[in-house]
Amino acid sequence: MTSELLTTILQIMEWKMDRFEDRPKIKKKVFNVLVECLQNLYHHIDENMDDLNTEQNEMNSLFMIAKSEGDYTITTGNYMKLTEVGSLKEKLDLINGMSKDELKEFYKQVLNEGTMSEKGTAGLGMIDIARKSGQELEYEFTPINDNLTFFNLSVRIEE
Amino acid sequence: MENLKLEGSAKTPTVNFDSSKGTLELKGRSIPENSIEFYKPLNDWIDAYAGSPQSSTVVDIKLEYFNTSSSKCILDLFKQLEKLNEKNTQVKVNWYFEEDDEDMAEAGEDYQAIIDLPFEMIEVEEI
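Chains as they are written, first to last, in the numbering used here: chain Z, 160 to 318; chain B, 34 to 160.
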């Protein structure tokens, strides 16, 4: 996942949505969630590339978007170190346990008090995805070997 | 001082900062993977403008999309303007959002809650 590939996918998706989606509100939500999901992949792979122990195939990632009866599901997947699973799972469960108002407060707190990494990440991606989708974030960790797992995230956008 | 004009791109907004008018406009989309680099010249321009600002400064935010990387940079920009507001210019923020775009309206409310600047929420048909 490079910056150029990301731009291309977004352009294709936007073009398709312009043609096949006539609800501007849904179109915007889908585009917003797409940006955050794809940029999560981008940053994750970018970090892995800095680590010389990363095997080439660990940088592969998955992206799917499905439309069914007007609802969209965006699925992304990437390999990650087993050691990173705990903190991500904790964050996702925390987010999933929050009401709409709690998510809003949490977002504002992280926005105001959090710091930005050199890579330009602000720790807000998952919170934003959950707010925009308004649904629970579905996820799965599939163990690959002693130190790798495959992380799957599915985000639903309903009217 | 010179004005700051940047043409918008697939991932960055059009920037139009005019020191003689005291108007700062961001328009379009702000979705770069790393926003820090893009926003740095904007922060620098505001620092320079702070030296001799107009009596009133109007900030027009007309964004169609922005990502979470940008949201932090936009907050920092508002924080810079918040400091400026205590000095010799009255800063006002106009937050534009498209009809039915509750997410963008809510994003404006989030900033309004954090930042001590007058915000006006302006609903338009199309940005």
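Honestly, the hints are just simulated from the structure, not real lab data. Some hints here could point you the wrong way.
[Unchecked claim] Partial pick of chain B residues on the chain Z-facing surface, computed with a CB cut under 8 Å:
| no. | residue |
| --- | --- |
| 1 | E40 |
| 2 | K44 |
| 3 | T47 |
| 4 | I64 |
| 5 | E66 |
| 6 | N67 |
| 7 | Y98 |
| 8 | T101 |
| 9 | K105 |
| 10 | L108 |
| 11 | Q123 |
| 12 | N127 |
| 13 | D143 |
| 14 | I147 |
| 15 | P151 |
| 16 | E153 |
[Claimed, not checked] In silico EDC-like pairs for lysine to aspartate or glutamate, Cα to Cα no more than 16 Å straight-line:
| no. | chain 1 | residue 1 | chain 2 | residue 2 |
| --- | --- | --- | --- | --- |
| 17 | Z | K291 | B | E156 |
| 18 | Z | K263 | B | E139 |
| 19 | Z | K267 | B | E132 |
| 20 | Z | K184 | B | E159 |
| 21 | Z | K267 | B | E156 |
| 22 | Z | K184 | B | D143 |
| 23 | Z | K184 | B | E139 |
| 24 | Z | K186 | B | D136 |
| 25 | Z | K267 | B | E139 |
| 26 | Z | K184 | B | E156 |
| 27 | Z | K186 | B | D134 |
| 28 | Z | K291 | B | E153 |
| 29 | B | K125 | B | E58 |
| 30 | Z | K186 | Z | E299 |
| 31 | Z | K184 | B | D136 |
| 32 | Z | K259 | B | E139 |
Beta carbons are placed, not taken as given, at the ideal position from N, Cα and C, and that holds for glycine.
For each hint, the structure was consulted:
Given hint, E40(B) at the interface with chain Z, is violated; its Cβ is 16 Å from that chain's nearest Cβ, farther than 8 Å. Because the closest C-beta pair between K44(B) and chain Z is about 7 Å apart, less than 8 Å, the hint holds. Below 8 Å, beta-carbon pairs count as interface contacts, and T47(B) has none with chain Z, the closest being about 17 Å; its hint is therefore violated. Checking I64(B) against chain Z: minimum C-beta separation of about 5 Å stays under 8 Å; hint holds.
For E66(B), the suggested interface contact is upheld, since its CB lies about 5 Å from the closest CB of chain Z, less than 8 Å. Evaluation of the N67(B) hint against chain Z yields a held restraint, the C-beta minimum of about 3 Å falling below 8 Å. A distance limit of 8 Å between C-beta atoms decides the matter here; for Y98(B) the minimum to chain Z is near 6 Å, and the interface restraint holds. Because the smallest distance between the Cβ of T101(B) and any Cβ of chain Z comes to about 4 Å, under 8 Å, the interface hint for this residue holds.
Restraint check, K105(B) versus chain Z: the minimum CB separation of about 4 Å is within 8 Å; hint holds. Taking 8 Å as the C-beta contact cut-off toward chain Z, the hint placing L108(B) at the interface holds, the least distance being around 6 Å. About 24 Å separates the beta-carbon of Q123(B) from the nearest beta-carbon of chain Z, more than 8 Å, and the hint is not met. For the restraint placing N127(B) at the interface with chain Z, the shortest Cβ-Cβ distance is roughly 20 Å, beyond the 8 Å limit, so the hint is violated.
Because the closest C-beta pair between D143(B) and chain Z is about 5 Å apart, less than 8 Å, the hint holds. At a threshold of 8 Å, the smallest CB-CB gap from I147(B) to chain Z is about 5 Å, leaving the interface hint in force. About 19 Å separates the beta-carbon of P151(B) from the nearest beta-carbon of chain Z, more than 8 Å, and the hint is not met. A distance limit of 8 Å between C-beta atoms decides the matter here; for E153(B) the minimum to chain Z is near 20 Å, and the interface restraint is violated.
Distance hint between K291(Z) and E156(B) is unfulfilled; the C-alpha atoms sit about 19 Å from each other, more than 16 Å. A C-alpha spacing of about 9 Å is found between K263(Z) and E139(B), which places the hinted pair at or below 16 Å, so the restraint holds. Using a Cα cut-off of 16 Å, the hinted pair K267(Z) and E132(B) is violated, with the two alpha carbons roughly 23 Å apart. With a C-alpha separation of about 13 Å, the suggested pairing of K184(Z) with E159(B) holds against the 16 Å cut-off.
Taking the CA atoms of K267(Z) and E156(B), the gap is near 22 Å; set against the 16 Å cutoff, the hint is violated. Using a Cα cut-off of 16 Å, the hinted pair K184(Z) and D143(B) is violated, with the two alpha carbons roughly 19 Å apart. Restraint check for K184(Z) and E139(B): satisfied, since their Cα atoms lie roughly 14 Å apart, inside the 16 Å limit. For the hint linking K186(Z) to D136(B), the alpha-carbon distance of about 12 Å falls within 16 Å, and the restraint holds.
As the CA atoms of K267(Z) and E139(B) are separated by approximately 11 Å, the hinted pair is consistent with the 16 Å bound. Between K184(Z) and E156(B) the alpha-carbon distance is near 14 Å, which keeps this suggested pair within the 16 Å criterion. Note on K186(Z) and D134(B): the hinted pairing holds, with a Cα-Cα distance of about 10 Å set against a maximum of 16 Å. Between K291(Z) and E153(B), the direct Cα distance comes to roughly 23 Å. Violation of the 16 Å bound is thereby established for this hinted pair.
The hinted pair formed by K125(B) and E58(B) meets the criterion: a straight-line CA distance of about 12 Å does not exceed 16 Å. A distance of roughly 26 Å separates the Cα atoms of K186(Z) and E299(Z); the hinted pair therefore is violated under the 16 Å criterion. Distance hint between K184(Z) and D136(B) is fulfilled; the C-alpha atoms sit about 9 Å from each other, no more than 16 Å. Between K259(Z) and E139(B), the direct Cα distance comes to roughly 12 Å. Compliance with the 16 Å bound is thereby established for this hinted pair.
Hints 1, 3, 11, 12, 15, 16, 17, 19, 21, 22, 28, 30, counting from the list given before, are not met by this structure.
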